[in-house]
Structure formats: structure tokens, C-alpha cells
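Participant: Sequence:
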Amino acid sequence: MSTELRGQRRAAPAVVGTDDATRVAVELGDEVRQLRLRRGWSQTQLAHAAGMTQSTVARFEAGGTVPTLPVLLRLAGALGRRLDIRFVR
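Numbering follows the numbering used here, in which position 45 of the sequence shown is assigned residue number 46; successive positions increment by one, without gaps.
It should be emphasised that the hints constitute simulated quantities derived from the structure, not laboratory data.
Treat the numbers as computed from the prediction; the structure is a model and nothing was measured.
A few of these clues could be false.
Claimed, not checked - Ranges of calculated distance between the beta carbons of each label pair, as one might list FRET restraints:
1) 55 - 90: 33 to 43 Å
2) 39 - 74: 28 to 38 Å
3) 88 - 45: 27 to 37 Å
4) 45 - 90: 31 to 41 Å
5) 20 - 69: 16 to 26 Å
6) 85 - 39: 14 to 24 Å
7) 55 - 88: 25 to 35 Å
8) 54 - 90: 32 to 42 Å
9) 56 - 88: 24 to 34 Å
10) 84 - 60: 13 to 23 Å
Think of the CB as a built atom: it goes at the ideal place given N, C-alpha and C, for glycine as much as any other residue.
All chains, full assembly: derive it from the sequences and hints.
Facilitator: This is how it looks when you write it as C-alpha cells:
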């Protein structure tokens, strides 16, 4: 190991980009909440349509959890939407 690197610590991969993950979780949660409200649905109704619990929907809408791709697909389907994930500049 070179003397330049000795003693330096790198961030753990899971920690890198945490702020971005939180921002995306909050934005997705807000969008799901808006779509749910436009349909006039409660969290319980959306949860039933998507095959999950109301508490899962509540945590997601609050930005408290980052959903997996399968969960996003189920939410999109329940809301009559198509999921579109892109890499942008």
C-alpha cells in the first residue's frame, strides 16, 4: 500500500449516495401519494390493489423506505401507470 493511501478511509459503498437515495425516496413517495389522492383512494385501498399492507404504503409515501423494483412495479400497476426509470444528466 502506498504511503499516500495508508491511514485514509474510504466511505462504505452503502453510504455513498445516501442523500440521493433519500431525495429519490421522498420524490417517489410524493408522486405515489398524489396519484393515490387523484384516484380518491385511501392508503388502505392502494395497499389492497398493490398487494401490500397499508403501513408499507404509508412508509413509502413518507419517504421512509426505498422500495424495490418489484414493489414499484406493483404500485405503478395498481395506479394504472407504467414505470419509467432512466439515467439522466
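Participant: Looking only at beta-carbon atoms, does the pair residue 55, residue 90 fall within the given range of 33 to 43 Å?
Facilitator: The hint (33 to 43 Å, Cβ to Cβ) holds, given that residue 55 and residue 90 are roughly 37 Å apart.
Participant: Using the beta carbons of residue 84 and residue 60, state whether their distance is inside 13 to 23 Å or not.
Facilitator: Holds, since residue 84 and residue 60 (Cβ atoms, about 19 Å apart) stay within the stated range.
Participant: Please check whether residue 45 and residue 90 have a Cβ separation lying inside 31 to 41 Å.
Facilitator: holds (39 Å)
Participant: Given a hinted range of 27 to 37 Å, is it respected by the beta-carbon distance of residue 88 and residue 45?
Facilitator: holds (35 Å)
Participant: Holds or violated: 14 to 24 Å for the Cβ distance of residue 85 and residue 39?
Facilitator: holds (18 Å)
Participant: Hint says 24 to 34 Å; check whether the CB-CB distance for residue 56 and residue 88 agrees.
Facilitator: holds (32 Å)
Participant: Taking the Cβ atom of residue 55 and the Cβ atom of residue 88, is their distance within the range 25 to 35 Å?
Facilitator: holds (33 Å)
Participant: Regarding residue 20 and residue 69, is the given constraint of 16 to 26 Å on their beta-carbon distance met?
Facilitator: holds (20 Å)
Participant: Falls inside 28 to 38 Å, the C-beta gap from residue 39 to residue 74?
Facilitator: Taking Cβ atoms as reference, residue 39 and residue 74 lie about 20 Å apart, which means the hint is violated.
Participant: Given the hint of 32 to 42 Å, check if residue 54 and residue 90 actually sit that far apart at their C-beta atoms.
Facilitator: Check passed, 37 Å falls within 32 to 42 Å.
Of the hints listed earlier, the one the structure fails to meet is number 2.
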